[in-house]
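Let the sequences and hints guide you as you build the complete structure.
This is what each chain is made of:
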Amino acid sequence: MSILIDSDTTFIVQGITGREAVNLTRECLDYGAGAKVVGGVTPGRLGRDVHGVPVFDTVAQAVAHHGAPIDGSVVTVPPAFTKDAVFEAIENGVKLIVIVTERIPRRDVAEMVELATLRGARIIGPNCLGIIVPDVIKMGGIGGPAKNAAQAYTPGPIGVISRSGGMTTEMSSTLSAAGLGQSTAVSIGGDAIIGSSYAELMGLFEADEQTQGIVIYTEPGGRMEAELARWVTDNNSRLPIVAFMAGRFMDEMPGMSFGHAGTIVEGKEDTASEKIARLAQAHITVAERIEDIPAIIGDKIAARQSAGANA
Amino acid sequence: MRFFEYEAREIVKRAGIPVTDYGFTTDPAEARAIAERIGGPTVIKSQVLTGGRMKAGGVKFADTPAEAEAHARAILALEINGHMPRGVLVDPKAEVEQEYYAGVVWDGIRKQPVMIFSPVGGIDIEQVAAEQPDKVGRRHFSNILPFSEFQAKEVIASTGVTGSALNKLVPIVTRLAKLFTANDMILAEINPLGRLADGSFVALDAHMDIENEARGRHKPLLADLGVGDEETRQAREATPFELAGEEVDATDHRGVAGNVTEFDGNLGLVIGAGGGSLTLFDAVRAHGGHPANYCEIGGNPSVAKACGLAKLVLQKPGVDKIAVMMSIVSNTRVDIVARGVIKACLELGYDPAEKIAIFRIPGAWEEEGFKILEQYHVEYADRSVSLNEAARRAVEKIGADAS
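First to last, the protein sequences are chains A and B. Residues in the first sequence are numbered from 125 upward in steps of one, following our numbering. Residues in the second sequence are numbered from 3 upward in steps of one, following our numbering.
Mixed in with the good hints, there may be bad ones.
No more than 20 Å apart at the CA atoms, straight line, and that leaves these computed lysine to aspartate or glutamate pairs for EDC-like [claimed, not checked]:
#1 Lys392(A) to Glu369(B)
#2 Lys271(A) to Glu369(B)
#3 Lys392(A) to Asp126(B)
#4 Lys424(A) to Glu128(B)
#5 Lys392(A) to Asp109(B)
Residues from chain B shown here face chain A by an in silico Cβ test under 10 Å; the list is partial [unchecked claim]:
#6 Asp109
#7 Ile146
#8 Val204
#9 Gly278
#10 Asp284
#11 Ala285
#12 Ser332
#13 Thr334
#14 Asp337
#15 Ser386
#16 Asn390
By construction, these hints were calculated from the structure, which means they are not laboratory data. Heads up, the beta-carbon is just placed ideally off N, CA and C, and yes, glycines get one too.
This is how it looks when you write it as structure tokens:
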């Protein structure tokens, strides 16, 4: 199986007439079994279509046209309009929202996340590339055009969670080349406040039978790795985890931000070295090099399985 | 973006929180005039965006206006941790009975702002939290429900503060919480918050940090404070090389070829994207390489932009070769970056095969890109070569210990 989305998932694209959104729509329609993109929304563009997907002025119109609740939305509108677009999706019953937009102030993100929580919806991102279930469906720009995505992602037992969109693909490609496919890969976004952290996705992977291990990509900045370490310990997780930590050089440069908005080191707990120590305490191995990850996670899965067989 | 103390105090004042009758100036004579107006002992404080100013001699007490002028002159010329002061703040020396702490920050895990209050102020709140945890109150508040005073009352009362002090503090902490939200702050802190002999409270120092992404919606405030759009107030000033990088990125609106940061090595890096750049920079250093710069390519930049970035890096003094490397790309096109970096070499009169230590960008349009690289005999690698291995090869070519 997979987490968050499957071949039945329906979604809309908000901001569908933008250049990137048009490409993203094409990619999602082409990938795997073909995503059910049931509509797009751009105010003032009612009646148009994008690669055959009907365009509406409002989410409510898209829902009415579909005649049933819509599962998800990919939000690609400019930063100043994102909060309103996400509120619109949530208030129209959408339960899974992937926010692609970058440079959204964190107060807006926090407001969106709080409303989503009240309504039982989930946000992935912002500043992310979305979700992919190899060979089945992708929701967002993750992996790029269908042909490129198919080259990097293959079905298998590994759940991938990454703060970097590009590195989601790089790591999955490395796993695929080693014969370890992915159950679902999620680009969670690189901002200081995001809709779904590692820990907030772990429960879903834990419940997914296909998933046997987790690979994460992480960076300095924030407390999300400490939260993951705590989750793993508190929940006695069945899933072995291997992490890769980029940006170790930033420990020497406090106050500077590289890569993603969320990477700024504001306190000791944010540093790469501190995070590595915390992850290690929760028996999460931090790989030195990406090419080492397949062997480490493969060994860990094998060790769990033989321990399970002996029990 | 962090505010100077004199700006932060102005923000606090505008929110209706009492402050002392201070003055800001860049002129010693004016410092004297402010001290005369205040008419009593004063404190002269260096206005720098760095810690440890007390220890460095950036805060001095004056009994007379003449002394205030002399201190201001000395402090204005005093560099602290590599920062020259923006000016000095001349502050009445308040008779403080007790120092408190009040602050608001984001909790990225709860995804809500959190108020922090302590009756032990004037020192680092983290130190108080470690040594006297029962003296530090914390309380989250909603992003979408209106803030209500009882929330401030609860966090103050949780530290054992009661009586008239509690009632006087509630509106102050309430206003601080509201200004945090209204101004898109990522930090709003009053420390110390002083209780004077008459029982009133006054903000004696304030730290405010506004989120960069939200600056656009606070233009009136920033204009009032005299903060220009160009002022980024990074941990260190941008170098001419970094400013040139910004210019390259601004040539057109297609994609990104920017976030250039200067280092002093001999291996120029033309790298991307966000996570890929971090990974590659670490890898180059792990193999003993000396990067000349950090940068990020992403979002499919034009040939001109990729060329501009490569030229900038190639022309940086001390750069022998460049390594062009990215994690697997799906949006950015391999052939466009390849064309850009080759064009940069040719236009500068270099042989691309000589100057480009390695090209490792797999992904969209890679067949086309690799074809171009072959024409110019540039060493390239596809996705079967890891980021780490590509970095190793680049360092090997340039020599690990030559710097």
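>> Asp284(B) was flagged as interface toward chain A. Is the shortest Cβ-Cβ separation under 10 Å?
In response: holds (5 Å)
> Within 20 Å, alpha carbon to alpha carbon, are Lys392(A) and Glu369(B)?
Replying inline: With Cα atoms ~45 Å apart, Lys392(A) and Glu369(B) exceed 20 Å; violated.
> Can we keep the Asp337(B) interface hint, with Cβ of chain A closer than 10 Å?
Replying inline: violated (14 Å)
> Do the numbers back the hint for Ser386(B), that is, is its least Cβ distance to chain A under 10 Å?
Replying inline: Nearest chain A Cβ about 7 Å off; hint holds.
> Taking the closest Cβ pair, is Val204(B) under 10 Å from chain A?
Replying inline: Status violated, d = 28 Å.
> Has the given pair, Lys271(A) with Glu369(B), been kept, meaning a C-alpha gap of at most 20 Å?
Replying inline: Judged against 20 Å, a Cα distance of about 13 Å means the pair holds.
>> Using the nearest Cβ pair, does Thr334(B) come within less than 10 Å of chain A?
In response: holds (9 Å)
> Quick one, is the Asn390(B) hint okay against chain A at 10 Å, beta carbons?
Replying inline: holds (5 Å)
> If you take the shortest Cβ to Cβ gap from Gly278(B) to chain A, is it below 10 Å?
Replying inline: holds (5 Å)
>> Just to be careful, I want the Cα atoms of Lys424(A) and Glu128(B) compared with a cutoff of 20 Å; is the pair within it?
In response: violated (38 Å)
> Within 20 Å, alpha carbon to alpha carbon, are Lys392(A) and Asp126(B)?
Replying inline: holds (14 Å)
> Under the criterion of a CB-CB separation shorter than 10 Å, is Ser332(B) in contact with chain A as hinted?
Replying inline: Hint holds; Ser332(B) Cβ to chain A Cβ min 2 Å, cut 10 Å.
Checked against the numbered hints above, the structure breaks hints 1, 4, 8, 14 and satisfies the rest.
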